[in-house]
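A.B. asks: Kindly produce the complete structure, drawing on both the sequences and the hints.
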Amino acid sequence: MNQILVLAKKEFRSYFDSPVAYVVITLFLIIAGWQFSTTLFINNTADLRTLFGIAKFILLFFIPAVSMRLFSEEKRGGTLEILLTLPTRDWQLVLGKYIAAYALILITLALTGIHYISISAMGDPDFGASIGGYIGLALVVGVYLAIGIFTSSLTQNQIVAFIMAFVIIFIFFILDKFVYFMPGFLANMLEFLSIDYHYNNISRGVIDTRNLIYYFSMIFMFLFLTVQVLESRKWK
Amino acid sequence: MISVQNLTKYYGTSLAVNNISFEIAKGTVVGFLGPNGAGKTTTVRIVTCYLSPTSGTVLVDNKNILTDSLEVRKKIGYLPENAPLYYDMNVVDHIRFIQDMRKDTGRTNGNRINQVVEICGLGGVIRKNVGELSKGFRQRLGLAQALIHDPEILILDEPTVGLDPNQIIEIRNLITESGREKTIILCSHILPEVEATCNRVLIINEGKIVADGTPLELQSSFEGKGRITIQIKNNLDSFIEKTGHVAGIERIIDTRIISENLKEIDLATVRGIDPREDIFRLCIENQTVLLEMKREETSLEDIFRQLTGKEQM
Numbered sequence: 551m552n553q554i555l556v557l558a559k560k561e562f563r564s565y566f567d568s569p570v571a572y573v574v575i576t577l578f579l580i581i582a583g584w585q586f587s588t589t590l591f592i593n594n595t596a597d598l599r600t601l602f603g604i605a606k607f608i609l610l611f612f613i614p615a616v617s618m619r620l621f622s623e624e625k626r627g628g629t630l631e632i633l634l635t636l637p638t639r640d641w642q643l644v645l646g647k648y649i650a651a652y653a654l655i656l657i658t659l660a661l662t663g664i665h666y667i668s669i670s671a672m673g674d675p676d677f678g679a680s681i682g683g684y685i686g687l688a689l690v691v692g693v694y695l696a697i698g699i700f701t702s703s704l705t706q707n708q709i710v711a712f713i714m715a716f717v718i719i720f721i722f723f724i725l726d727k728f729v730y731f732m733p734g735f736l737a738n739m740l741e742f743l744s745i746d747y748h749y750n751n752i753s754r755g756v757i758d759t760r761n762l763i764y765y766f767s768m769i770f771m772f773l774f775l776t777v778q779v780l781e782s783r784k785w786k
Numbered sequence: 006m007i008s009v010q011n012l013t014k015y016y017g018t019s020l021a022v023n024n025i026s027f028e029i030a031k032g033t034v035v036g037f038l039g040p041n042g043a044g045k046t047t048t049v050r051i052v053t054c055y056l057s058p059t060s061g062t063v064l065v066d067n068k069n070i071l072t073d074s075l076e077v078r079k080k081i082g083y084l085p086e087n088a089p090l091y092y093d094m095n096v097v098d099h100i101r102f103i104q105d106m107r108k109d110t111g112r113t114n115g116n117r118i119n120q121v122v123e124i125c126g127l128g129g130v131i132r133k134n135v136g137e138l139s140k141g142f143r144q145r146l147g148l149a150q151a152l153i154h155d156p157e158i159l160i161l162d163e164p165t166v167g168l169d170p171n172q173i174i175e176i177r178n179l180i181t182e183s184g185r186e187k188t189i190i191l192c193s194h195i196l197p198e199v200e201a202t203c204n205r206v207l208i209i210n211e212g213k214i215v216a217d218g219t220p221l222e223l224q225s226s227f228e229g230k231g232r233i234t235i236q237i238k239n240n241l242d243s244f245i246e247k248t249g250h251v252a253g254i255e256r257i258i259d260t261r262i263i264s265e266n267l268k269e270i271d272l273a274t275v276r277g278i279d280p281r282e283d284i285f286r287l288c289i290e291n292q293t294v295l296l297e298m299k300r301e302e303t304s305l306e307d308i309f310r311q312l313t314g315k316e317q318m
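Protein chains in written order, with my numbering: chain A, 551 to 786; chain B, 6 to 318.
Hints may be right or wrong, so weigh each one.
Straight-line distance between alpha carbons at most 25 Å, and here's what the computed BS3-like set of lysine-lysine pairs gives [what the hints assert, rightly or not]:
1. K559/A / K108/B
2. K79/B / K108/B
3. K80/B / K187/B
4. K79/B / K31/B
5. K80/B / K133/B
6. K68/B / K80/B
7. K727/A / K784/A
8. K80/B / K784/A
9. K213/B / K784/A
10. K625/A / K784/A
11. K68/B / K133/B
12. K133/B / K784/A
13. K79/B / K784/A
14. K140/B / K625/A
15. K68/B / K213/B
16. K299/B / K31/B
17. K268/B / K299/B
18. K68/B / K559/A
19. K247/B / K79/B
20. K68/B / K238/B
21. K187/B / K108/B
22. K108/B / K80/B
23. K559/A / K79/B
24. K625/A / K133/B
25. K625/A / K108/B
26. K247/B / K31/B
27. K606/A / K727/A
28. K238/B / K140/B
29. K625/A / K79/B
30. K238/B / K268/B
31. K79/B / K68/B
32. K247/B / K299/B
Keep in mind the hints are simulated off the structure, nothing from the lab.
C.D. replies: Structure below.
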């Protein structure tokens with residue numbers, strides 16, 4: 551456990567030692583805040599629903615940018631060899647890096663809490679729905695990030711890692727937009743695989759175990775695949 | 006301490022290491038010599054648990070690298086080729102990070118970092134970013150991170166590549182110093198380095214071990230198959246003709262004309278025979294003046310080139 555946190559701390563610091571963290575946080579807050587505030591008075595309702603809608607869309611771009619360097623940089627720089635010859639297990643390394651990136655994104659999301667405060671001054675937002683929205687967003691982000699860390703382990707080129715992550719996330723994101731053209735059983739399947747479908751359930755304030763199982767198994771699956779990629783160097 | 010048996014490694018279909026076996030006793034400094042691409046780095050990567058062998062067993066302190074990987078990794082300090090480091094950290098944070106990742110307990114942490122900083126001569130740069138360091142300091146930091154847990158085994162892959170001669174000597178001294186109580190594997194294709202620091206040499210070529218022994222043993226087993234350089238004056242043609250009859254001389258390697266009546270000749274000698282006396286007598290007999298005669302000792306370099314190169318001596 552200790553080593554996971556040591557690595558997470560180091561990775562987290564290196565986000566702030568480089569411009570990555572500042573660029574991500576600032577840009578995200580500007581874009582999300584701008585989009586949110588321009589529609590706030592048109593909708594004329596005191597809730598955060600539009601914010602969440604925007605957030606899960608623009609995070610499609612931001613998350614791959616945060617995760618792309620996690621393993622690809624280590625591969626390119628050769629430091630992976632140092633990391634993998636330390637007495638740690640591969641899954642501990644994957645988890646440590648995942649936690650660091652997750653922490654950065656959660657902080658970014660937490661900063662949007664300021665919008666909750668400002669709309670509280672103007673109206674009476676539904677606290678439960680807002681919390682539900684944040685929980686849903688945190689789960690969505692968890693899946694995005696697991697996909698991002700997976701693609702980062704596949705290549706030593708950060709740009710390639712970014713694009714692959716974006717494409718995979720995007721596919722999972724739009725799956726449920728096609729269901730109208732699909733026959734029933736396929737529609738159900740696509741719906742169940744879609745990131746957005748499960749989010750819509752949770753953001754309504756209904757936290758169903760089916761949705762939680764979906765998110766946790768997606769996160770687990772991609773982290774598991776990442777570990778497999780790291781271990782592939784040991785294939786005979 | 007390290008026991009490698011029938012180690013074979015394929016990358017896809019290309020064979021990198023071909024059925025090699027060797028044992029390394031505790032406390033020896035072993036030089037792993039070979040041209041680029043000979044399989045040194047692959048072997049070392051297998052011993053450090055970075056790669057797995059295609060077949061064969063590797064035991065480190067009687068622990069199998071496949072089944073007891075974590076235990077093995079605890080015992081080894083490893084400096085990979087080109088000393089890869091995290092360029093966005095500063096020196097002391099970097100050392101501390103590796104120490105924390107190794108969960109190095111049982112000694113006061115601060116002291117060990119100070120010790121390693123001192124051993125590796127990093128005192129002046131501990132607050133600097135790794136990215137700002139010169140190549141020499143990076144190698145030292147690489148060595149520091151390998152030494153931080155005071156490992157029983159130290160594996161260094163080409164630790165002096167790209168350094169200037171002064172830095173090379175410093176790193177070499179560092180290795181010799183820390184080698185007093187450790188088992189060290191030093192990969193290199195720089196021969197004087199191995200000659201200076203190692204008490205055993207393994208020469209590897211195309212995935213196979215082609216020579217194994219102390220530098221002295223290797224030299225004596227190849228002794229005699231050296232060359233003699235002579236500078237002679239007068240009656241040159243007849244002298245050269247007659248060298249063919251001298252027992253210890255294999256052939257004339259090279260003839261350089263210094264002036265009209267003065268030549269320098271390189272002679273290859275037959276293994277185990279020293280023909281210098283015969284050459285001297287031949288000179289007298291032929292009334293040739295012998296200005297200079299020099300016998301070149303077989304160096305590790307010659308052995309290395311004989312064993313690994315296509316080049317003939």
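A.B. asks: Compare the structure with each hint and give your call.
C.D. replies: Hints, verified against the model:
For a cut-off of 25 Å, the pair hint linking K559/A to K108/B stands: about 15 Å separates their Cα positions. The hinted pair formed by K79/B and K108/B meets the criterion: a straight-line CA distance of about 10 Å does not exceed 25 Å. Between K80/B and K187/B, the direct Cα distance comes to roughly 11 Å. Compliance with the 25 Å bound is thereby established for this hinted pair. With a C-alpha separation of about 16 Å, the suggested pairing of K79/B with K31/B holds against the 25 Å cut-off.
Distance check on the hinted pair: K80/B and K133/B sit about 29 Å apart at the alpha-carbon level, beyond 25 Å; violated. The suggested pairing of K68/B with K80/B holds, with an alpha-carbon distance near 10 Å, which does not exceed 25 Å. Between K727/A and K784/A the CA atoms are separated by roughly 40 Å; this puts the pair beyond 25 Å, and the hint is violated. As the CA atoms of K80/B and K784/A are separated by approximately 20 Å, the hinted pair is consistent with the 25 Å bound.
Simply put, K213/B and K784/A have alpha-carbon atoms about 21 Å apart, close enough for the 25 Å limit, and the pair holds. Between K625/A and K784/A, the direct Cα distance comes to roughly 15 Å. Compliance with the 25 Å bound is thereby established for this hinted pair. In summary, the hint linking K68/B to K133/B is not supported, as the alpha carbons are separated by about 38 Å, beyond the 25 Å threshold. For the suggested pair K133/B and K784/A, the alpha carbons sit about 35 Å apart, so the restraint of at most 25 Å is broken.
At roughly 19 Å between alpha-carbon atoms, K79/B and K784/A fall within 25 Å of each other, so this suggested pair holds. The hinted pair formed by K140/B and K625/A meets the criterion: a straight-line CA distance of about 20 Å does not exceed 25 Å. The straight-line distance between the Cα atoms of K68/B and K213/B is roughly 24 Å, inside the 25 Å bound, and the hint therefore holds. This hinted pair does not check out: K299/B and K31/B have alpha carbons roughly 40 Å apart, beyond 25 Å.
Distance check on the hinted pair: K268/B and K299/B sit about 14 Å apart at the alpha-carbon level, within 25 Å; holds. Using a Cα cut-off of 25 Å, the hinted pair K68/B and K559/A is violated, with the two alpha carbons roughly 32 Å apart. Pair hint K247/B plus K79/B does not hold up; C-alpha atoms about 65 Å apart against a cutoff of 25 Å. Using a Cα cut-off of 25 Å, the hinted pair K68/B and K238/B is violated, with the two alpha carbons roughly 66 Å apart.
This hinted pair checks out: K187/B and K108/B have alpha carbons roughly 21 Å apart, not beyond 25 Å. Distance hint between K108/B and K80/B is fulfilled; the C-alpha atoms sit about 13 Å from each other, no more than 25 Å. The straight-line distance between the Cα atoms of K559/A and K79/B is roughly 22 Å, inside the 25 Å bound, and the hint therefore holds. Straight-line distance between C-alpha atoms of K625/A and K133/B comes to about 24 Å, which keeps the hinted pair within the 25 Å bound.
Using a Cα cut-off of 25 Å, the hinted pair K625/A and K108/B holds, with the two alpha carbons roughly 24 Å apart. Taking the CA atoms of K247/B and K31/B, the gap is about 54 Å. The hint is violated against a cut of 25 Å. Between K606/A and K727/A the alpha-carbon distance is near 15 Å, which keeps this suggested pair within the 25 Å criterion. With a C-alpha separation of about 51 Å, the suggested pair K238/B and K140/B falls outside the 25 Å cut-off, and the hint is violated.
Only pairs whose Cα atoms come within 25 Å are accepted, and K625/A paired with K79/B is accepted, the gap being roughly 22 Å. For a cut-off of 25 Å, the pair hint linking K238/B to K268/B stands: about 7 Å separates their Cα positions. With a C-alpha separation of about 11 Å, the suggested pairing of K79/B with K68/B holds against the 25 Å cut-off. Restraint check for K247/B and K299/B: the C-alpha separation of about 19 Å stays at or below 25 Å, so the hint holds.
Against the hints set out earlier in the document, violations occur for numbers 5, 7, 11, 12, 16, 18, 19, 20, 26 and 28.
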